[in-house]
Every structure is written in structure tokens, then in C-alpha cells.
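S.K.: In case you want the letters, here they are:
Protein chains: 4
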Amino acid sequence: MNRTKVAILGAGFITDIHIESYHRFIPEAEVVAVYARNPDKAKAFAEKYHIPQWYNDIDQLIAESGCEVVDICLPNYLHADATIRAAKAGKHIIIEKPLAVTLEEADEMIAVCRANNVKLMYAEELCFAPKYERARQLVNDGAVGDLFMLKQGEKHSGPHTDWFYDINFSGGGVIMDMGCHALGWFRWMLNNAKVTSVYATMDTVFHKERTKGEDNSVMIIEFENGVTAVAENSWAKHGGMDDRCEIYGTGGVIYADLFMGNAAVTYSREGYGYAMEKADTSKGWSFTIFEEAFNQGYPHELKHFIDCVRNDKTPLVTGEDGRAVLEIIYAAYASAGAGKKIALPFSAKVAKPIDLWLDHK
Amino acid sequence: MNRTKVAILGAGFITDIHIESYHRFIPEAEVVAVYARNPDKAKAFAEKYHIPQWYNDIDQLIAESGCEVVDICLPNYLHADATIRAAKAGKHIIIEKPLAVTLEEADEMIAVCRANNVKLMYAEELCFAPKYERARQLVNDGAVGDLFMLKQGEKHSGPHTDWFYDINFSGGGVIMDMGCHALGWFRWMLNNAKVTSVYATMDTVFHKERTKGEDNSVMIIEFENGVTAVAENSWAKHGGMDDRCEIYGTGGVIYADLFMGNAAVTYSREGYGYAMEKADTSKGWSFTIFEEAFNQGYPHELKHFIDCVRNDKTPLVTGEDGRAVLEIIYAAYASAGAGKKIALPFSAKVAKPIDLWLDHK
Amino acid sequence: MNRTKVAILGAGFITDIHIESYHRFIPEAEVVAVYARNPDKAKAFAEKYHIPQWYNDIDQLIAESGCEVVDICLPNYLHADATIRAAKAGKHIIIEKPLAVTLEEADEMIAVCRANNVKLMYAEELCFAPKYERARQLVNDGAVGDLFMLKQGEKHSGPHTDWFYDINFSGGGVIMDMGCHALGWFRWMLNNAKVTSVYATMDTVFHKERTKGEDNSVMIIEFENGVTAVAENSWAKHGGMDDRCEIYGTGGVIYADLFMGNAAVTYSREGYGYAMEKADTSKGWSFTIFEEAFNQGYPHELKHFIDCVRNDKTPLVTGEDGRAVLEIIYAAYASAGAGKKIALPFSAKVAKPIDLWLDHK
Amino acid sequence: MNRTKVAILGAGFITDIHIESYHRFIPEAEVVAVYARNPDKAKAFAEKYHIPQWYNDIDQLIAESGCEVVDICLPNYLHADATIRAAKAGKHIIIEKPLAVTLEEADEMIAVCRANNVKLMYAEELCFAPKYERARQLVNDGAVGDLFMLKQGEKHSGPHTDWFYDINFSGGGVIMDMGCHALGWFRWMLNNAKVTSVYATMDTVFHKERTKGEDNSVMIIEFENGVTAVAENSWAKHGGMDDRCEIYGTGGVIYADLFMGNAAVTYSREGYGYAMEKADTSKGWSFTIFEEAFNQGYPHELKHFIDCVRNDKTPLVTGEDGRAVLEIIYAAYASAGAGKKIALPFSAKVAKPIDLWLDHK
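Protein chains in written order, with UniProt numbering: chain R, 1 to 361; chain G, 1 to 361; chain C, 1 to 361; chain L, 1 to 361.
If chains are identical, the list can't say which one is meant, so a pair holds when it fits in one copy or spans any two.
List time: in silico DSSO-like cross-link candidates among lysine-lysine, alpha-carbon distance up to 27 Å:
1. Lys212 to Lys278
2. Lys303 to Lys48
3. Lys5 to Lys303
4. Lys194 to Lys349
5. Lys283 to Lys151
6. Lys48 to Lys313
7. Lys212 to Lys194
8. Lys5 to Lys119
9. Lys194 to Lys208
10. Lys5 to Lys313
11. Lys194 to Lys340
12. Lys303 to Lys43
13. Lys48 to Lys278
Treat the hints as calculated values from the structure; they're not laboratory data.
Quantities reported herein were computed from a predicted structural model and do not represent experimental measurements.
Put together the whole structure using the sequences plus the hints.
M.R.: This is the structure:
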């Protein structure tokens, strides 16, 4: 079997998850190179995962690694630049959320990928998380009648890495980091139905010393098809990751919980190594997660993209979808700034989405 | 022991719960009379519960029954009239939610009670529900640090009684029926902190044929103390009653679920009599609730009011609290009509709260 | 109302629960006196709960307190003596589990109570715990068809009080302390069906330094009606009280969990005062119980007995039932000693039940 | 990549799961042939799964299919014969539980495999189920201190296929079908510690018309290391598959539930296609399982065996382990027949294990 050569940009938290997914579940792909700005970090990562090449220069990686796919796990503000460089070199691209910091970047990324005839997949793993996908199949089978409300939330106590808290690097707070998941998943559940309006409330309640970004938010999204969706996101929720959805239809309801709802339940007087993402402690009661990457859909997502590359298919979630999510995020920040719901389509010229809120606070 | 004499107005669903509470948990009270418009219903109810007197005329009950307390379990549109009649006759009053249909009614009810020196308790049982109260104590003990978000929702598939669906009798839909619980509970949790704004989205998704009232809604309430509260209410959620809260603080989180979170979990091939409020079926899996009135706080609530009457104390939840909830409801309907958050204090001259939405839909 | 006068013997953990039950839920009873061997403890307890009289002499309490009911919350080895003294003085008796240490004691207690024409209730609160009672009603309504298996377990990390660990005072380990609950409840569920055999395995796994009593056990009880019952009991289970049952029938199944299955779920970075019985910590995740006495059925149990006394009824659970439980316990210890199931009826002459195991270990 | 060629014997329920596992998760294996006694069934199965060859003659399959591995998913009574034929032809063997009907068969299977130098893996998927494996890692990391009790149970309402109910084909009832899982998993958790004794109770409570085999049982296994293990198994439990374990140590406890504890929770008025294994209905509330094969460990198990074959490793679970399980089963039936615990090692000459119970009932 001829394996598809993948180069990964980034060597942080999410990259570990991608590597695990490739190595355990996607033998048809081969991670041939890794990039990190810090050469020591790049080298250590490559050694840890037996990746043959490491780089601390993106252009050099693109030129020399022999990769066909670039998997971008970089901080938000580097997304557009890396995508454009890779696309111009004819590499297929899968990129972590959010697609970009600004709509202008998103538009350029999409355009350059199209012009260079490379695939651009927006890596929204919730569109592949098996419990959520099972729920979606039930909906499509009519199990809950006609949908009228969706809820999804992702919450924890805040990222470990510094750049997330610098809004110039991230473009915003928890909505940029985790709200994008809800928005991507709502559109996925609704076959990319049009959003008609967004309302959002947000605040910085826990990490005030560390960031101007919002660390707690609620968004209400109205869709043309009549469905209302509620996204809750927080960097101020303690006790580990929370990732849940609720699906309401005229014929029933589905509750799916990816973390507490899958976990073994453990009481340990002394504690143990690791309970789940962002759990502060494993002493006392804890919810012990297993197959964490698999249950969030990372292997399914990456395997799908490798299949798209190998068999020339269109990814199920594209740059356009990432762009649509970013537009909703813009509208959400604008809504919080204005105190009213914002109609879509929406656009604004800003250096970063969160300015639409901060400048009107 | 000299027992406090109570007359109950109404003989429907909620009256059963009040009677159970008096009979099992409040021996210091004695239900001496019941009123229902339909004399057969009044008589049957009195016989069923061994209540010595029944009436189909409120004035006559007030004049003749010898009651000291009137417990009002009537449809919304009769609240003000019954309260005023009882107050003028010197009776203490405990009244089911919502306090009234309009703010003008509410103001008059409060004024008349004050003028006649009778107590007026707004019967928000969630302020007494023992699991919720346990959670409130934890909050007050600092278990979760500083609150920043509260969520509460009450959902089922819709009332059994017709008048709820007639907005001229009810004043609105699920917000008038169940949203008031969330609003009353938020204020209770926050020591009646001032509300600064309300945003609401609502729709009629399931009972379109039956009512103009909203049957699904989300409200976001911002408080002066910085706390954001989210109320979800639905008459379109199947599978039985859902009554849950989530409490978020800078030092932790509390989840409390009054129905599924208390229930025995049952699988019955043939089904059985009753699983929980509004459960459509008990065949297959069901969540079997127990001590349903107690777990919702009805006995605690009524016992508290009888204690207020016997020992001349001020109720923990008053007509003013009911009026404050109604003001938020007005603002919620206005918000849904305007598509923006509405600042409080808020007032409007309308025949019924829902007009603030329907007239601007 | 003429209130029934109750004297309580004992001032420990379980007495607090009885007092709370009388004071909040049983106004028709009045606790007039408390006994503790230590006069300071008796006095402090009386003051804490506004009990008018305290004694450190049981005979004096019986003679002088004016009580009609004696509620015995003493260590196991004092049960028989206290019961017999109270019965001879014409007092009605409710006694905490287990009924006595030996079958001879049990027989004498029953005989003396009968001779003196006083009621003797065996206080098995699980026969009154509302969630379990709800489950029993479902069974009686046919919700799960014909029963074929019952399971019940009570587990925590061990009693706080020293005498439990001294088998001369307790008569045994966790089976004497908590296994009796399962056995009492099985008989209650099965309308006191005859037990045909018992098998038990047991060991001392955690408190080896502190006791010769078993701190972990499994009992399998076979009933004449074909039902098999499994009791699991432990003093070696960490993380707080566990009290669960499972009910299997040819038409369905019921799961009921009195602690984790009722609790609010809390994450507290700093911890808080109290989560549930025997929880070692409230830091991190905890299961926050509410209305703990009520949910275990103590108020219902004691109210029932007061009603029996006031209205001359036979208690639902009697000394004979306690004696039957003790007989099963004897057989369980004998089974563990013999490595085979033991047929009932069973009797043996021993100083304490656990000897039937220890002497054959 | 040179793929390992696998032939599957059997075309029933479990074969579907094996095929899904190979196709989705084990690209290094290739299913080249399937056998079923009924040629139509074999052909249909091969077509459904795009398997190139089908056979209704085992010898022919072995001789002609070119397989290196034979994966045996046949009824119990065919295990030994198929294994021996395959081994003699030099094929590596992975075999579904139980290893065989009799100890003599088991011994011969092991001997023939050894003589022919082929690998024999006993396919106990619970040794690979990811949630259980996560729990085992915690135990090994000391999260719960020293183990003293293990519990595991597997329960549903009975197999769909007829041969299970014929004890001449199956060798017994639910213990042969599902009790073997618990026994295999206990040994796995305890590093194959020696069993010192077994006690079992069993009965036929639900399928009396259909089988002489036990359909409900409890086994208590004592290990040399002092750990007590309790296995509960049932073909009489309604509402879908139940597969749970509880792990008790001196420093904590772990609860892991593979079905209800992983599922999405759904209410569907109309029902939908499939909720989980053996769920009778999906109307009303149901527990919707996802990635059912993966969560039970089938892909991990089969992938492990293919790795053993490709890289000449010894399987983690071998024929000897399957034989040890069968010995415990013998002892369990003998125990139920004798009403006492049976010491191991144990052997008996019987046509089928269940005779040890039935002949002494």
C-alpha cells in the first residue's frame, strides 16, 4: 500500500491527538514530518513519535518533506499564512478550528486552495464524534420528529497554552476556541441550513487577569428552517472537559454527553495519573475517560480526509464551512456589542472578531 | 393544637399536590373548604379528600368557611380577582404562579393585601425544593466560589388543561406557565439581585394547532451583580417532566436534576400506572419518580406559609417577588418582539404579556 | 393534640437522625427524654435538641420520664437488656437494627414484650425508604412480572464509633451492621417468604488492624418462592455511602440508588462542609445528598410506629421480623465457616453470631 | 503491505462483529473466506461483505482458501473439531468463547495446536474492551490500592439463535454463554491468579419452556491472592444488554458500564431502528449505543491476534486461559449441584458441564 504522506504543523496538545489518530487508526497515512517554531520542541516531538523529519521552518518543510498533505495545528493567527503557503505548493490541507482569525483571511485561504486545486478540509471533529454521529443518524431516521432546538456546549477551565489568552493571536476568547465547535456542529446537523440571526452574551468571569477575551458565553442562533440553537461555552468551568448536546424534536429528544456520559466513575484516595482533559485532579471522585481521541471523532475525521485525498473526494466539512462558522462568530461578537440579535449575512472590517464586542462594551 | 384553617380555590392538578402536602406534612393546618366553579367537581374533590365544606362561589366560601388562609390554585386570569376578594375579607393568601396576568393586577393585589394587612405569599416551590435548596446552601458556604452563571429549565410536553392554551386566560405560553419558575429561582439564588436586562427567543413549535402561546423559549437574564442566567422552558419536550439547574462559580459547579436525577430507573415490558409527571408512557424504560411533591418543595413551601401566618412572619417569597418575575416576563416578551435585550425596569400597558411579542412578530 | 411521649436511649449518629425525624415530621410525638451513659453527653444532647430531660441511668429514665415509647439507639449488646427493662415497665419499643446479638436474646425480648402487652417494632428503615417503597409498589402492580432475583447492598468505609469494631459488643462485622438491612428488605419485598438457604463469603480486607469482624461480604439467600437474593455489604468501600437495589422480574427490571442516584453532582475546588454520609472529602467531584433522613425512610418509619402506638396497630415490621433476620445472619456466618449453603430453619448456641465463622475459619 | 489472510467459520451474530472489526480497523488482515453449513447463508454473507470465497465445507475451506488464520465463530459443540482440523493444517486459530464444551476437548485443542506449532488465541473481548482496559490500567497504577473484590456481569433477555438453548450443543446455559466473560476477565485483571474455590447458584427462571439450561446465575470465585469475585449472568434481564464491572480496592473503587454507561439517552415517540444489542424496543426512552463493537474491544482483540501472527508473538489470552475458564465453569455447575463451594483444581468426566448441576438438582 502506497501511504499518503502527511506533514504536521505544530507540536502542541492537539497535535498529540492527531498523531495518535494517524498511528493507531489510519495506516494508509504516514506522518513524515513535523514543524515547530522551536527546533528543540520539533526534534523532541519527532523523536517521541518516530517521525522521520522535523523542521522549524514551514517553507522548508513544504519544499523538502515530500508531504502530500499538510495538517495545520498552529495557533489561530498563523492559520491563513500556513494554509496559503501550503496550497501554493500544491499540498492538500486539513486545518484545525477556527479556520482563520478574519473573514478576509478565510476568503483568501479558500480562494488560494481553489486556485491551486488542493483540498481544504475544516477539521470539525464533532461532525465525526461517534456518539454525536449516532444521534444525527437517529434524527435522520426520524426518531425525534422535526427538529426545533439544538444545544451544544463545550466547557473547561481554560487552555494550558499562553497564546489562547492573547486576543491578538487568537482573535477572541472561548468562542474562537470552543464556540466554533457548536456552530460547526449545528450547521452539520442541519445540512448547512442558513443562519438568519445570532444573539450572544459573553463576559470575562474567571481569567480576568490573564485575558481580554470572553471566557464564558451563550449564543442563540436562529436558522432559516425554524430551528433555534443554543451554544454554551466556557473557560471557567472546573472539573474537566464538558462536551454535551441536546437534540429536541417534535417526536422526541436525545441527550449525548461525550465525557461524563462515557466515563468510568472512579474514587481514588490517592489519585492517579490522568482522568480526562482539563481535570484538575484525580483524587476523590473522578470521571475517567477512555479512548478520548476516538470518542471525539479525531480518527474518523482524519481518516475521512486521507480518503478524500486518496480517492479525490470532497471533504464533508470544507473551508466554506469554516468560513460560515467564522461569520457567525463575527455576528456573535457584534451582537454582544450591540445587545441585539444580528442578522446574517454579516460582515465587518475588523482586525479580529472580538473587536466587534470590545469596542462596544 | 389550634390548627390554621385553609380554604383552597381550585380543584385541578396543582390542588391535588397542595392537599397531599397539607395532609401528610402540615398537621398544623386544616383544609376546611374547597372551591370549584363546577359544583360537581367541588363536591367530588371535597369527598375525595375529606374536606368538610365545598363551594362553587368564591365570595360565599370567603364569607362562610371560617378560613384564615386562602390558597389560590386557580387559572391565571382569576388570580387578581380572587386575591383581592380574599384580602378584603382579611384572609391571608398564598397564590400559585404566576402572580397575575398583568403588572397592573399585580400592583393592585399587593396594594390591597397591604391595605388589609394580610400576608401575600408567592408560591414559588423551587425556592423550597430540597435538592435546589441544598445546592443554594453550598453556594452560600462558598463551595463554588463566586457565581457567574445560573441555568434552570422546566420542560414537558404541555399542560393537560385547556385554559393554559388560551392566551386570554393564561396571558402567554410556556414562559407564563413554567418560565416564571426559573425567574423566581434565579432571584432567590441571588438574594433578589436587580435584573438589568432580558433577552428572549421563543416560538410555537409543537402545539401550533392549539395555541398562539409560545411553547419553547430561551431567556437570558443579566443581573446587576454580573451573573448571567439562562432559562429554558418548553411544552414540546417529550418523555416526562424535566426540571434541572446548573450553577457555575469561579470555584466549581453544581448540577441538580429533580426528576431523572432522582428517579428509579425501570424497564417494564407491560408498563405500569404512573412514572412521573407528563410521562406519556411507562412501557419500556422509564424514570420512576417518588415523593414527587416533596422533592419539588411543595410541603416545605406551604408549611413555611402556615408558619408565617401562625407566628406573624414575613414570607420568604412575597407578592413583590411575584411582581418582579412578571416584570421580567414582560421584558422577555418585549425582547422577543424587538430582537434585542430589554433593560429593566420595564413596563408597558398591555392586556396580556404575550402581546408584547405577538404584536411585533 | 395529645402528643405521644418518646424517650430515646443513645446519643450517637443514629439518634441525631431519629431526632430530626421526630422534630420535622412527627408533631404527634414529643421527645421528652434522652439517655446516654456519659452524663455530659446526655446533657449536651438534650440541650442541643431542646429535650426537657436527660438521664445517664436507663431505669431512672424509664421510671421518671413519663415516656410511653422507648426508642432504642444503643450499641447492639445493650439491645436486649434495654428492651426487657422498658417492656417490663409497660413501654412500647422501637429498636434499631440488629434486633439483638443472639437468638436467645431475641426470643426473650419478643416474649417479654408480648407478656407485657407492649409493641415491639424492628426499625428497618429500608422498608420505608420512599424510593424503595415506590419500587415495591411497582412490583406489586406487576410492572416487572414475577420476581426472580433481588439485590441490595449497603457499603461505606466503616463506622466512626469504636464499639462496632469490637465483636463482643457488636456480635459481628458489617453483616451485623449493614447486612441486616438487605435481609430485612428482602423479606419485606417478598411478604416475609420463607428462606430456604443461605450462602455467604466474607473477609476482613481493610480494617484488619482494628477488628476481627468481617468488613466485606456477599450473601446469597434462596427463598421458598424461588427468588434468589444477593446482599453485598462492605466497610471497605470508599467515597461515601452506597445503598442500592436491583429488582429483576420476568417482565422487567428496576434499579434504585438512594445516594449517588439522588444526589446533586458538585465540583468544588475548595471543598465544603458535608457531602453525604461517610464521604471522606468534598473536594473535587462529590455527590451531594439532600434530605438524607427522609430519603432513607426514617421519618416514615418512626411516624408509622407512633401511629401504631396511638391507634393500637401492629407495626409493619416487628420483633419477629428482626428475629428472622438474625437467624439468617447466623446461617450466613455458619455458611462462611462451612463453605456451603446452610438450610433454614437454623439455630446454634453461640455467644455471638460471628463465632460461627471465626471458629471454623 | 502483505495482508494476513483470514477465514471465518460461522455467519451469525458474532461474525458480523468480527467482520466489521477487520474491515474498519485491521487493514493488515484480509478476510478471504467464510464458512457456513448452509450454502445459501455462506454465499449471502460473502456477498454482503465482499468476501471473495465462501464454503459450506470446513475441510475444503481449510485446504483451498489460502488462509493463514482461522477465526472460529461456530456454535460451542463445533469448537473442538474445527480447531483441530485447522491446527492440523497449520492454521493459526482465534476462537470465540467458550473454548470448548468439555475439558477433554480443551486439552486436545491445546495439545494439537502446540504439536502443530500454531497459535491459539481465546477471544475474550473484555480483556480488550477499552473502558475495562482503562480501569485495569488505573488498578495497575495503584489508583484503588489493593484489590479485594471484583464484580462483573453480562445480562440480556436471551440469545436469538436456537442452538444456545439446546444444552447438547451449548454445554450449558447462560454461564457457558456469558459467564465465561466474567471468569476470563477476572483472571485477566488478576494476572491469572489461581482460583481456590467457586460457589454458584443458578436457576431457569424465564426460558423454562425453551431450555434446560440455567438462565440466571450468580458465581462467587475466591482467588489465592485473597480477592473475591462475583459474576452475575442472566438471559432473563429485559431492556437490552447490560455489561458492567465494579472494582473494589483498599484505596478506592471503579465503576464501568459498557452499555447504559456509554449510551446517548433518547426518547422517541415513534421508535427507531436499533438502540442496542437485545433491546426489545426503541419506543419511549432508550439507551442508544454507538461504536458497539469498538466499545466491547473486538477490534482491539482481533488486531492483537493478527499482530501476534504477523510478528510471532504469544497472544495475551490463550487456549490455556480458555481452559482455565472452562474448569471454573465445571466447578460452578458442580457447586450448584452440591450446594457448597468447590475447590480447584477440579475435574470431572461429563458429556457437558451442565450435567454436574442437572444430575444433582
